[in-house]
Amino acid sequence: MVSRLLLVLLVLWTRPSPPGPALGDARAKELKDQILKLESDQPKDREVLQRAVDDYIKERDEFFKKLLEIVAESGTDRTNQEALWVDCVKQLRDKLRAIVEGAKGNLSKEPTVAVLAFYTVMLLDEDKCLAALQEVKVAEKRDEIVKNQALVVDMSTKLQIKWDRLLDEDNRIDEHEKRVVDELKAAIERSYDDADRKYRSIKEDAVVAVDKIVGLVKKFDKPITVLVSTLTGADLETVKQAVRAIKDLEPGIRTFSEIYLKTNENYIARRNDYNSLLGSERGGVYVLFGGFRRDTQEFVDKNGFSTAQESYSKAKDALDRLVSGLPTDGQKADIGAFAKEVLEKLSGHLSATEKIHNAFVERHKSKFFGPLGPDIKEALAETRVWEDRLRMIEGLGLESKLRQWRSSANTFFDVSLSGLSSADAEYLRKLIQERVDELVKSLEEAEKIPEKYRRDFDRREVESQLK
Amino acid sequence: MCRPQTGVLLLLLANIGATSAPTRGIFRASPGFAQDDSVKSGLVTSPMLDADPPGLRVSWINWDSGFRGVDLRIGDRILAVNGHAIVRPKDLRETQRSLPRMIGQYAESQAWAEQKARDGTVVTLKVSRRSPGGEGAQVVEVRGALRAERLYVNKSNANTLGPGGPVGRSSDGFSSPWSGWYEAEVFRATRVLDGGWQSRSLDSRRMLKEHLAEKERVDFLLKTYPGTFASTVKEDWDLVRTSLEGKRYELGEKDLAYRQLGEQRAAEIATAGRKAREEFLRAGAAQRIEPFPAIDPIRGDREKVAGKVVLLPPIPPRDWVMDGPKAYLFSGDRDRGFYFVDTRDPGIARVFEACYRYKKRVTPRLDETYTIVGRIRAEPKMLVIQNKAQTGLAVEVLAAAVGEAMFVDATVIKDKISAFAGEEALRKPPDTRLTREASPRQVMEVFIAALKEGDEETWKGLFAPWRAIGSGTGKIQDIVYYPYRRLLLDEPFVASRRLILDRVHDVRVVYVSEVRRIITGKEFDGAPVVEEVMVELEHVGKFENEYRAFTSVAVNRIWPLQRVDGGPWRIADPQQL
Chain A
299 MVSRLLLVLL VLWTRPSPPG PALGDARAKE LKDQILKLES DQPKDREVLQ
349 RAVDDYIKER DEFFKKLLEI VAESGTDRTN QEALWVDCVK QLRDKLRAIV
399 EGAKGNLSKE PTVAVLAFYT VMLLDEDKCL AALQEVKVAE KRDEIVKNQA
449 LVVDMSTKLQ IKWDRLLDED NRIDEHEKRV VDELKAAIER SYDDADRKYR
499 SIKEDAVVAV DKIVGLVKKF DKPITVLVST LTGADLETVK QAVRAIKDLE
549 PGIRTFSEIY LKTNENYIAR RNDYNSLLGS ERGGVYVLFG GFRRDTQEFV
599 DKNGFSTAQE SYSKAKDALD RLVSGLPTDG QKADIGAFAK EVLEKLSGHL
649 SATEKIHNAF VERHKSKFFG PLGPDIKEAL AETRVWEDRL RMIEGLGLES
699 KLRQWRSSAN TFFDVSLSGL SSADAEYLRK LIQERVDELV KSLEEAEKIP
749 EKYRRDFDRR EVESQLK
Chain B
94 MCRPQTGVLL LLLANIGATS APTRGIFRAS PGFAQDDSVK SGLVTSPMLD
144 ADPPGLRVSW INWDSGFRGV DLRIGDRILA VNGHAIVRPK DLRETQRSLP
194 RMIGQYAESQ AWAEQKARDG TVVTLKVSRR SPGGEGAQVV EVRGALRAER
244 LYVNKSNANT LGPGGPVGRS SDGFSSPWSG WYEAEVFRAT RVLDGGWQSR
294 SLDSRRMLKE HLAEKERVDF LLKTYPGTFA STVKEDWDLV RTSLEGKRYE
344 LGEKDLAYRQ LGEQRAAEIA TAGRKAREEF LRAGAAQRIE PFPAIDPIRG
394 DREKVAGKVV LLPPIPPRDW VMDGPKAYLF SGDRDRGFYF VDTRDPGIAR
444 VFEACYRYKK RVTPRLDETY TIVGRIRAEP KMLVIQNKAQ TGLAVEVLAA
494 AVGEAMFVDA TVIKDKISAF AGEEALRKPP DTRLTREASP RQVMEVFIAA
544 LKEGDEETWK GLFAPWRAIG SGTGKIQDIV YYPYRRLLLD EPFVASRRLI
594 LDRVHDVRVV YVSEVRRIIT GKEFDGAPVV EEVMVELEHV GKFENEYRAF
644 TSVAVNRIWP LQRVDGGPWR IADPQQL
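So the sequence lines, in the order shown, correspond to chains A and B.
Just add 298 to wherever you are in the first sequence, counting from 1, and you've got this note's numbering.
Just add 93 to wherever you are in the second sequence, counting from 1, and you've got this note's numbering.
Just chain A, with the same shape it has in the complex (with noise of 0.2 Å):
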């Protein structure tokens, strides 16, 4: 029985007393032990000196808590709560005096000295504490831990709409440049398809030119460059006519290097046109994404979470100052619970700030700051869509139709001069040589225009100047 009545006790010693008032009470108790201890004959003098402290306890403790909601608001379109701040200690202050002069009024009519100096004190005192909690800049920290957030916010929205507008005018630019491309490989495409049809003619025609001049050789059973000047009436002209048959390939054949020239000009009358476009989209469309670029992170770098973190960190080594000047060891206490308040509600805003932060880092970088992703340069350049139709045109097979034909014209369009010797297959090479070389040269030209394509048409810089 005992041992449990001990146990119990026990129990009892070692719980730990309730929290006592949020805001403290060791002030209150300080003054009331002064008046105790003050001389005077007054009993009443006393009386009234512990009702002023009650009142103004009261109300510091009431004021305190309007101090508390000032803080805690977490409106982002409240951003002046320090002039609120500021107003509510000012009326604090007012009160003390109003409470004090009463307090004096009421004492007897001839109060001690003690009495007297006691009451200046404790308003000097509290005075003090009051005037420096109005300049302590609490609540100007908060809000500017909290306009950091509209700030962030804003900003990120911003963003957005710039990013869609910009995607939207490169989109349109990257749609013109593909339009001009395909216009492009349309015309090539065409030119080839007549290139590959004059080529088929000049054969064909060829093909008969030669057949004839054949028959007559092994009619006449001469080398044409014999019977050309050994025959006469109507068997000259039958040889002649049979030879000019291969001069007249000679226009064919010019039609067939013009296909190039044409080609060429297509080619560089598109490759302009993408350049002016090219250039809207580097001059116009990426100094604009740089701008955004560098407007960025120079907002990150002026409004990133780390300032949020240093004004609270002002606001807490302003809050230990106040505190560790305070006069009595009664108001460190008081004040001290109230500073541990007014943190916590600002840790509060630091945390949503924080937040606000992380999501707007989530959503933005790798394209507005720090490296650019590969996604945001895909968006931008489309170096991927562009290789694409670079082996669109490369599908086309110029580079080994070309080199056919070339091989094609240097022997005499494939057609086979066995039926000839060698000194008649000369003759007939020569009257088309000057010609077959033309268009050999252009051949050659044309060949080169895939490689050209690739070099114009390179993506991979215009990616690069994406930074």
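Check each hint, because a few of them may be wrong.
[Stated by the list, open to error] A few chain B residues that don't get close to chain A, going by computed Cβ distances all over 10 Å:
| hint | residue |
| --- | --- |
| 1 | R161 |
| 2 | V235 |
| 3 | G288 |
| 4 | Q291 |
| 5 | P386 |
| 6 | P410 |
| 7 | D428 |
| 8 | T504 |
| 9 | E550 |
| 10 | D583 |
[Claimed, not checked] Heads up, simulated BS3-like pairs for lysine-lysine below, C-alpha to C-alpha not over 25 Å straight-line:
| hint | chain 1 | residue 1 | chain 2 | residue 2 |
| --- | --- | --- | --- | --- |
| 11 | A | K665 | B | K481 |
| 12 | B | K481 | A | K663 |
| 13 | A | K545 | A | K520 |
| 14 | A | K426 | B | K553 |
| 15 | B | K419 | A | K663 |
| 16 | B | K615 | B | K568 |
| 17 | A | K675 | A | K476 |
Treat the hints as calculated values from the structure; they're not laboratory data.
Yeah, the Cβ is synthetic: ideal placement off N, Cα and C, and Gly gets one too.
Got chain A sorted already, so can you dock chain B onto it with the hints?
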């Protein structure tokens, strides 16, 4: 005024019809009688026994006082009589006993009698008065004679006011008897000359009118009853008139310029601005192109317009946009294209600073619509305006007109600022910066200047946020000290501005008292040291085309200034001008 003492009257009555010689103490002082054992200074004094040092203030000098014609003035504070300092009585009983016997009090003759003083005995007074320099006090010695009380009669044995003066009971056709009239005149004179201007109840112009109404009677007195009494009355009357008329001031155009300051300046600056703008536009006409339609900043040929100058249409205050923490002005619309001005642009920053100076020095009313002349930059810009991303060209500010009020050429920079047109010609406002060591006079001069300029912030900042009352005794029960009080100064400022723009044409500092310590620092541990001075201002008004000092219940002449622990002087009484 000479009033017969009861004792003398009885003796006089006893002598009527008597042929024997006068009794002891009374002698014939033709044309009247004098009581030899009742000598007085002829002064009327007001006790200032709680002052530091204690003294008696001279409120009036009787017409026949032995201190007439010496350097004693109404308002002088007597500190010592014949080397004996005036002392503060220890308690009320002591005061009741000693005060009436002090010089200028009703029972002073008893004290002189004890000292065996006679008619003609010379008395030396040590007096304190305001220093002629207008700062502090000076102490001087004045010698005058005691005089036996006298009673004057004419040939008909009627009591007269002074030898050859009018009969006290008669009125000579005026509305009141001479004795009553003279009593009223002395009362008025005392009211005016004995701190009347420092009290808050004197209306100098109204009293002057009343005073001038008595001129006829004074002239009559002088003419009909020439003599010492009449000439003294005239002298006193002139003194009061001079006082009530107030000191004459010469105020030139410069002194009064502040009264039309705001509007006049605004008109001058607007005229100068229009002229400067026209010249600027004329000079740059060759480089200018039409701003709209603006080229497409992405697809257009920016190089073609880069470096060209545009005159943008007026940009009202609503056409500002924030881009993160940066602000821009914009001009244009979706159809015509946009131009953007970064508010960090050095040119526009100088324009803003010019606007700030304009508001301070000309008038706070300024329509902040900006008409900008700018040079087009090559770089495109995109901003979000009303939730839509808009592209435009950036513009570097060369000049700007602000409403119709002012024009700034931002390309002209002197000492890092671009002046608005006409700014150089503006009268520079007085330097209202005060150092901590500024004297009370300097503080009040800044106070007056700030009021004339309408500089509310400076004006309000000169009032003390504390409240201190004390007598400098070092005793805690004698002080009131609040380190902080809320000052409500809006109404006093408005009322003061109204005064300085209406009835009051100037204000001058005319006197600064000695510094007095009202809270010594010994009253309790940590008590501050609070010092106080009184500064007297003189208000100048316009009366019949002249500028003269005046006072009335509407103005405050006396301004207490205090400082705490050697800090800056500040005005301790929140009151209007």
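Quick rundown of the hints versus the structure:
no. : hint            : verdict
1   : R161            : holds (48 Å)
2   : V235            : holds (42 Å)
3   : G288            : holds (31 Å)
4   : Q291            : holds (29 Å)
5   : P386            : holds (17 Å)
6   : P410            : holds (20 Å)
7   : D428            : holds (17 Å)
8   : T504            : holds (26 Å)
9   : E550            : holds (16 Å)
10  : D583            : holds (15 Å)
11  : A:K665 - B:K481 : holds (20 Å)
12  : B:K481 - A:K663 : holds (22 Å)
13  : A:K545 - A:K520 : holds (21 Å)
14  : A:K426 - B:K553 : holds (23 Å)
15  : B:K419 - A:K663 : holds (21 Å)
16  : B:K615 - B:K568 : holds (8 Å)
17  : A:K675 - A:K476 : holds (17 Å)
Hint check: no violations occur; every hint is consistent with the structure.
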